[in-house]
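*Asks:* All the letters of the sequence shown, read from the start, carry residue numbers 1 to 289 under my numbering.
Where hints are given, some of them may not hold.
[Unchecked claim] Below, a list of computed lysine-lysine pairs in the PhoX-like style, where the Cα atoms sit at most 25 Å apart:
{"no.": "1", "residue 1": "99", "residue 2": "180"}
{"no.": "2", "residue 1": "24", "residue 2": "108"}
{"no.": "3", "residue 1": "24", "residue 2": "99"}
{"no.": "4", "residue 1": "97", "residue 2": "108"}
In case anyone wonders, no lab produced these hints; they're calculated from the structure.
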Amino acid sequence: MDKIYKKLSSFVDHFNPGRFLLWKILSFVVFYTAVVCLVDNHDFKGGKLTDANAAVSFSAIIGLLLIFRNNSAYERWWEGRKLWGQLVNESRNLAVKTKCYADGLSEKERSEFALLISKFAYALKTHLRGTHDSETLKALNIPDRNQHVPSAIVSIIYSKLKQWRQRGIIDHWEQLQIDKHSSAFLDICGATERILKSPIAGSYKLLIWLGLTLNIICLPWLIVPTFHWWSIILMGISSYFIFGLELLAEEIERPFDDLPNDLPLDTICDTIRTSIAEIFDVDFSKTNN
C-alpha cells in the first residue's frame, strides 16, 4: 500500500511544478478575475474592451516567450542526462577493461577499485547538489577537508594505475586504454559543473515574469465582456498551463536537484553500482558500503 501511495504521489508531483507557489498564483488569478467580472457587470456599462484580437495577440507573445524559455531549460536538462548516460558507459568500460587487463589483482584490490568506480557517481551527485556525503568519504578514506571529492577519487584511481604499472600488472598500452575512461570522469564532472554554474540570465527571467504578470492583469479585462463568469474558469485553466510551464522550466534548468522533474540521479547511481558489482563479481554489502 505504501509503495502504491509513493508512486501516486510521485505521479501527482510531476503535475505540480513550483509546489505551493503555483496554487497561490492560481488562487490570486481566480480571485482577480472574479473582481473584474463584478466591476465589469456593475460599473462599466457600455464601453468595454471587447477586441478579441488584442487578447489573442497578447497571449501569442507570451506563448512565444515561454516556448523559447522551455526550450532553453530542456536543453540544459537533456545535456545533463546525456552526461550522466556517458558516465554510466565510462564506468562500465573502465570496470570491464580493468578486470580484463589487470587480471593479476587480488580480490581485495579488485573490490577496492570497484568501490572507487561506483562511489564516483555518488560523489558527483552530492557535489552537484551541494550536500555532504560522509559515508563516501569514510569508505574511501578521504579527509573531510577535501572540497572536491570527485577529483579526490580520480586521484586515487590514477595512483592505483601507477602502482599497477610499476608492479607489472599492466603494461604501458593497457594503462593508456584504462586512462581514457579515468580521465573521462573529470571531463564529465567539469561539463556538469558548467551547467550548474551557468544559469539562464536573471534579466531574462525577470522579463518573463513581468510579461506573465501583465498577462494576468490585462487579459481578464479583454475576455470578461465576452465570456462573463466563464472567464474565471478560462483564466484558471490558462494560468495553470502558463505559470506551470514557467515553474517547470525553472525546475528542469537545474537538472541535478532532487525534485520530481529533475534527473533521477539516485537511480542512475544505483545502476552504476549494480553494473560494477556484476562486472567485478563483488558484493558491496560485505564491504560495509
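*Asks:* Quick check: which numbered hints come out false for this structure?
*Replies:* 2 and 3
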